[in-house]
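Since the structure of chain A is provided, determine the placement of chain Z on it from the hints.
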Amino acid sequence: MKLWHHYHTPSSIDEALALLDHYGGQARVIAGGTDLLVDLRAEEGEPFPALVDITAIPELTIIETRNNQIIIGAGVTHNQIVRSPLLAANATCLVESCGVVGGPQVRNVGTLGGNVAHALPAGDGTTSLVALDAEAEIILNGERRWVPILEMYQGPGQSLINSTHDLLLRFRFAPSGKGEATAFKRIMRPQGVALPILGCAVWLRLDGATIVESRVCIAPAGPTPLRVGEVEAFLNGQPASERTIHQTAELGQKVLHPRTSKYRATADYRREMIGVLLRRTLTLAVQRAQTGAAVPEGVGM
Amino acid sequence: MAKDKTFTVGHTVKRIDAVGKVTGEAVYPGDVSMEGQLWMKLRFSDRVHARVVAIDTTQAAALPGVVAVFTAKDVPNNEYGLTMLDQPVLCGPGSNSIIPGADVVRCYMDCVAVVVAETEAAAAEAVQLVDVTYEDLPAVFDAEAAMAEGAPRLHADHPNNVLCHYRIRKGDLAAGWTQADVVVEGEYYTGYQEHAYLQPEAGIGYIDDAGRVTVIVAGQWVHEDQEQIYHALGLPADQVRVIYPAIGGAFGGREDMSVQIVLALAAWKLRRPVKIQWSREESILYHHKRHPVRIRAKWGATRDGRVVAAEAIVIGDAGAYNYTTNKVMGNANLMATGPYEIPNIHVDTYGVYTNNIPCGAFRGFGGPQGAFAAEGQMNKLAEALGIDPVEIRMRNALQEGSLLSVGTPLPPGVSIPQVIEACARESFWKKGDIGWSRPQHPQPDNPALRRGVGFAAAFKNVGFSFGAPEQSWATVELYGQTEIEEVVVRHAGAEVGQGTHTVMIQMAAEAAGVPFAKVRLIGQDTAETLNSGSVSASRMTFMAGNAIKGAAEQALEKWRNEERPAVATYQYRPPATTPYDPETGKSEPNFAYGYVAEAVEVEVDIETGHIRLARVICADDVGQAVNPQLVQGQIEGAVVQAQGYAIMENLISQEGRILNPYLSTYLIPTILDVPDEVKSVILEYADPIGPWGARGMGEMPFLPLSPAIVAAVHDATGIWMDFIPLTPERVVAALREHGLGVI
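Protein chains in written order, with my numbering: chain A, 1 to 301; chain Z, 302 to 1044.
Chain Z on its own, in the form it takes in the complex:
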């Protein structure tokens, strides 16, 4: 069979969506309009914690142009949630809901009414006329205060507001402390982060030609959106359809529902197209955030730099509902002790309900918070022992066959030592007779500017963890007579901007042995595809690749048996994982990992507290770069997003209300902020079960950046700043405390 190598796995192919996105022709959810469409506006909660006693819609409904006002009692099954059904679709009295207290608002992003009108302006005016009577309830805004006895309780079935608690008990911790020559302790704090994707939430609901309630929207998993909708509406699955057009970024922020259910509800009730478009302000106010986390950690090591004991308490603010907190904190629990083999470990991790904005999935999924503490501890141990930070990592890094904190070995293909070495070699370090070391860094002439270098490493799971069902379907159809003229791939995986559709086509071309141009993808529509699982957990290349590979192999078999067209549908299931043991945490958490290390150079203005990220060297074991340029794009994108997280992005929440829901006051990096250089060191140590050896990699470059920056700031100033974001104010306060930068 003819094979055009330039268009298959391992080569940089131009993205199939590049031209449309550059020219503006790509259709995003907000671009879709239909004849006779109505407009929707949502009335969000006016109170942070209150019982909704009554909702009077008379005035709103009477406004000219208003078609309908929906409240809780209009929702057939008034509950939703990605991993727990704990949030009412609409909060209010008299609804059919499994939630005890579906009439209670628990945060400002709860929704109490939906107004549908002939124009957007009428809907906007009417939504303010909905008269809601509240009875305030006591509220709590701090995770640790929420855990205390007597704190206001958000959910009847969660005493002390503890949503989840994971324990890890490995080895004999007391013995570990006895062996330790040096012990370091730290308290780490990481802040909120807003996804700030380019495209705010939008969508349109309508009844399609087959009579199905259909929603065109941006999400990360069409079949999950479909399930959430049909559950709430009490419809059979095949009566609900979800279609994704072009999606303007996701980063985890579109994993949970925003406009999906209410659009479907209105279209189903009214039998007319209904459209909604959120403003940037609404987007920031009404979708979840990255968890703020506090970690107290204590690690001990022997004089020769072997970590022998590690203890950590990890507390994450879940906000008012679960979203994916139970999963995110599970990940943080695993990653809080880093990619190191440590014989004696105690970790306790809590996800805690508060009346703050709910937190959920965001690139890294608990990993960045865990890594922030783990790498901070490792860097402090290095300092305390007088051992180079690269050298100490090499002495502790996980190896093939090493036991994780949860008492089981990692899946084969462990490459963290090679990744650390590659990053060190490509950045500021040299390996000599006595191990790794780094020459003194040159300093600028201006005494107000101090330069420093920092290092950190991390590992990131690929795929769903801890026993969550994991699978992905693909269909491959081969058309032609004597030779394959066209390959049609059906796969539901969402193209959120990362390039996955291009990568899927590359993998299908490789599997079917045809040029890239002969492959066509039909994707992200529940009516056309089978369940792919979500675009999250760095899983899509891995899962879609194996599914497409399996389907293509079977289709080729049929092709050889003269079937025309040759069609095969295949479900890929990776090796099973297992949940945490409630007492010891023993588990087989994941079936694959990616490994990453970063070295950074910063320049600190010790007078103003400004930190300039000058250089980043990021080494990633991606197994096989299916499309090297897209891999580089993911590395650079993750680094810049993590730079915002570490230095700039300061979401201010006061008693549950976000005070800066604007990009003029919530600052994300611009082209003027990005580092002078981001050097991507792409390593390819094949994953034994990855498609063509590929591992997932979309998240991992995010993880080590903030601890590497903190280490570099320490190198520059001698001060450990164990909190992010490192805003100038906070940096100046820390510097002045140590007498630095005083006029």
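Chain A with its partners taken away, still in its complex shape:
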């Protein structure tokens, strides 16, 4: 089965833009393709006129610190993230979330940029990027700019950028500071390659024994990824105690309204799991913030 007619591998951003322009909306960006090709196959329509693979553009494949910001190119694969000591120390939750995406083959090919551009409400990488308060650099209608990560999501599967026209270039976020830590956990059916039932990423900062700031993302809990404002507001200023974590878990169950997906989980089960996940993820993040240790957990080979 033929999925495309032409496959291009540009080596610069300008070249990629020129190709998209050349095809006038008939070419699509591919960055790993572990979702895109499945979709193309399922559509069973005419082969796509052209695919533009951005993973050979050097600028989009780097992981680095620049101007006191961590930068990750949109073409960086999940496994490159998993193997990065810089990210293990500064974005533990991102390493953990990228480490459970798909199986080894998918993680070798699939990219963080692809995960975000696909705009699913429960992309594992996304959940962590939201907790990290990341920004995405895009070229939208020819204009290059940074946008908050949540702005990338316009609806389920609906991205701010049009992948026949625009480009997602890089992500950036602040490195981990003193008393700061992150964690990611997810509930999934008992096998490695299914979609998650629920994912949760937490970023927090401790001042002594007090949680002074936090960011919490739980997905899917709506049509797009979201921060749980009520939970964050409650946490800030609370002692980093078991009691606080317990209360937070209960609060999360109260304020979030997950929906039933016929094949994956009922709303009841998801609501039950919000409590479990919040408790487990917060406990881990607090431990990390207290000890300064940041060893990613549950990451696949």
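Just so you know, not all the hints are guaranteed correct.
[To be verified] Here are some, though not all, of the chain Z residues that point toward chain A, as calculated from beta-carbon distances under 7 Å:
| no. | residue |
| --- | --- |
| 1 | Thr879 |
| 2 | Glu908 |
| 3 | Thr909 |
| 4 | Leu960 |
| 5 | Thr966 |
| 6 | Glu1030 |
| 7 | Ile1044 |
[Said to hold, decoys possible] A few chain Z residues facing chain A, derived, Cβ under 10 Å:
| no. | residue |
| --- | --- |
| 8 | Glu419 |
| 9 | Ala422 |
| 10 | Ala425 |
| 11 | Gly910 |
| 12 | His911 |
| 13 | Asn951 |
| 14 | Ile953 |
| 15 | Tyr963 |
| 16 | Ser965 |
| 17 | Leu973 |
| 18 | Pro1029 |
| 19 | Gly1040 |
| 20 | Gly1042 |
To be clear, the hints were calculated from the coordinates, so they are not data collected in a lab. Quick caveat, the model's predicted, so the values are computed rather than measured. Glycine is no exception: its CB is placed at the ideal position from the N, C-alpha and C atoms.
Frame of chain A, contents of chain Z only:
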């Protein structure tokens, strides 16, 4: 005669098909293409129960590239079915059919039209243009509701939709209850299971050089496929040929027809090659499933752990057609009281028509459902009496000469006590002065994780049961002059992935006294072989072995009499079996059995409901392991398939429609799910009539796993969960009901 022991029975020989399958060179049905071939697409029913009033094919036929559109009236004899001819090949008006109501669709997998076109795309487009007018009929989706008075009836000749009803009446049940000190009751539910073989249905039909309608396809019994085709087409048997290339798994799912008859029909009408390839979605939607079964059971035992009474009602959802329901439920009926000698028994088993997807053969064939209830009852009795689960089984296990529930002794070679003991010893148990016991199992530090251990046992028939005709042909040809240079074996038995062709060659080499490398097999082609019976019922090693052994002995006799080549054809017939007595169930159900026991360790996350299967110890009496590595492969494969059945595989059917026909939502085990350890304990207590003592074993490791897991979950949590699959949702619901895992 020179004998190379390293290449014969009892030794691990490399599979003859290993290299081709690993390198991708093996040819499967979908890989076969022919010059000038056409493509076929099927129009399945759009309604779950409806009369087809009219089919307008004008628009479809007019689409460029479309060569033909076939409907019911094009099928000479419009009925098929493995053990009952109760399903129309194509549903629609005006056909010649013995089925009352061949114009009625009874489920979504019924087929109403066949489109053949120059390209697959044209066929796919045209099949949607077939205009079908339906008149809806009331439908029923629950087996017990279908049995109620006034329920919509699917088949005119089956009142209350009861397809089959088997009774067992042994001893005096009332007296049994009087003797019982303890009585336990349970209601058990087992779900659907999809075969999920690697290779979706595909095939090609054409006219061969001899003018025969020929179908290259994957199945389990070439001669049965041939019979189904020649019946539907109204042709003499020798005008139809069926050939199997490499087959990508079967597990019972290829016993019934999928693309065979329609491919033959199109090739016969059009005199051109016609190809079809199903997608995974089509495969899941349009072949049968394992029966969902509900069992209500009540067992009583004396204080010292002797089971004295057992009662069960077994209700299986057959779906819209028989397939092999009458046989599957017959097996469930026998196995619902386990491998135990119980003096007083009542069992009533029903197979019931509904408008759900038809159910049929799947590894274990009613045994897993029966064992789920029987072993659950035995484990509950053990708990109620405070007797160890191994110990109570030893006190009740069938012995040589024991009477089965159906009032007759088992065939000689009963080894279930030895199998239970071996499994216990190789796993978590010790035998002391007061019998079998198990030390307390260590628990993890994390309080959310609970570990538990469970045990279950089972028996599985080898070969066709209850009076079904049973035989297998083989031909052995010895070539050479002074010594045998080549042995050619002709045997039709299907290599579905289990390794049977390798095993046949091993047995032929052993029988003829030549090295493995000197034997060549000609198989799975009706034009080249005689009827072998199906690859099912764990029968092929046993049946092919005896047939090949018989043929080889006769060929050797001819060889000694200087015949060159020395050729002998032999039909093996095992001891006869008899059907259930309609009132009492008295029968001689089977001529051979395999015996199995399993111990498992699970870890339950009581907060999320996830169950991790950590260890499985599986002891199997295989009589003689012809190829030990293949036996181990069958054990590990069956255990993992049963793990999916018990924990993960949740086929969702809503008003007869399967909602998750994808492997992304119907989850089968992957390498990340398999247990840390599956320990195969291969026991060899010879079957007196098995070839070299071999018993069949491909199914039996499947049977005890789900009840063993349920027992282990109970050990971990204190809760009996008598339903499978044990999805996290259901487990959490059960745990919370008992106050476990609450935040």
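Which hint numbers doesn't this structure obey? Those not satisfied are hints 1, 8, 19.
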